[in-house]
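There are 2 protein chains.
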Amino acid sequence: MTLTDLTLVTRDEASATLVSVPSTDAACCAPLTRETITAADAEVFSRRLKALADPVRLRLVSIVAASEGQEACVCDLIEPVGLSQPTVSHHLKILTEAGFLSRSKRGTWAYYRLVPGALDAVAAPLRSV
Amino acid sequence: MTLTDLTLVTRDEASATLVSVPSTDAACCAPLTRETITAADAEVFSRRLKALADPVRLRLVSIVAASEGQEACVCDLIEPVGLSQPTVSHHLKILTEAGFLSRSKRGTWAYYRLVPGALDAVAAPLRSV
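Chains as they are written, first to last, in my numbering: chain A, 2 to 130; chain B, 2 to 130.
The hints are all genuine.
With a straight-line Cα cutoff of 16 Å, these simulated EDC-like cross-link-like pairs (lysine to aspartate or glutamate) come out:
1) A/Lys94 x A/Asp55
2) A/Lys106 x A/Glu72
3) A/Lys51 x A/Glu98
4) A/Lys106 x A/Asp77
5) B/Lys51 x B/Glu98
6) B/Lys51 x A/Asp55
7) A/Lys51 x B/Asp55
8) A/Lys51 x B/Glu44
9) B/Lys106 x B/Asp77
10) B/Lys51 x A/Glu44
11) B/Lys94 x B/Asp55
Please keep in mind that the hints were generated in silico from the structure rather than gathered at the bench.
Take these sequences, add in the hints, and give me the full structure.
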């Protein structure tokens, strides 16, 4: 392996990490009532809110969050929302990319788990101080 | 005034009240992590989230919320967000209709005030229990 190969591998791994790690490790910003949100923080926060701001996605998050271990099989998410599997998968992808859910495949099915702290991170800037 | 006139007046007043009273007097629903949100509550909650899920509207709410008395003149909201007055007014209308801001006219200018509890009502269902 040459030095160039090594660099390329490292770059790929870095990109993969950037894509798969949820970006909700902390609240994006101080409470809106305490100080004016910056334009950059408003962009980040609005993207998180948009991912949640859909009735089907709210129900999917809630079903997962209220399940045992805060985890649910995709096979148990389709019937409650009454939509096709591709549509449900589309919404789950948005929630996963926004860092609210994490996905793991076990056997035939994908399982979705609530990312700890992800909902609290959205609530935090909205709380009065 | 006939009975019919009276009925019509009452109906008009009832409609006006429905339009102008903010619908954020309480949280729409139980925490998402405690029990599965109903389809009806998910509709209500997603509409509130959508009204907030925009970078300009987040900044406007935050400027108002962080102002003295949680109130600001529209004349002080235009420059910070760097948009035209009609655009700012459009966003303020969405925030007012969603119950986050209340509007009062004094002299030439409109003043916007944060509706007490409106942001907390959105935060509440997102908090873990």
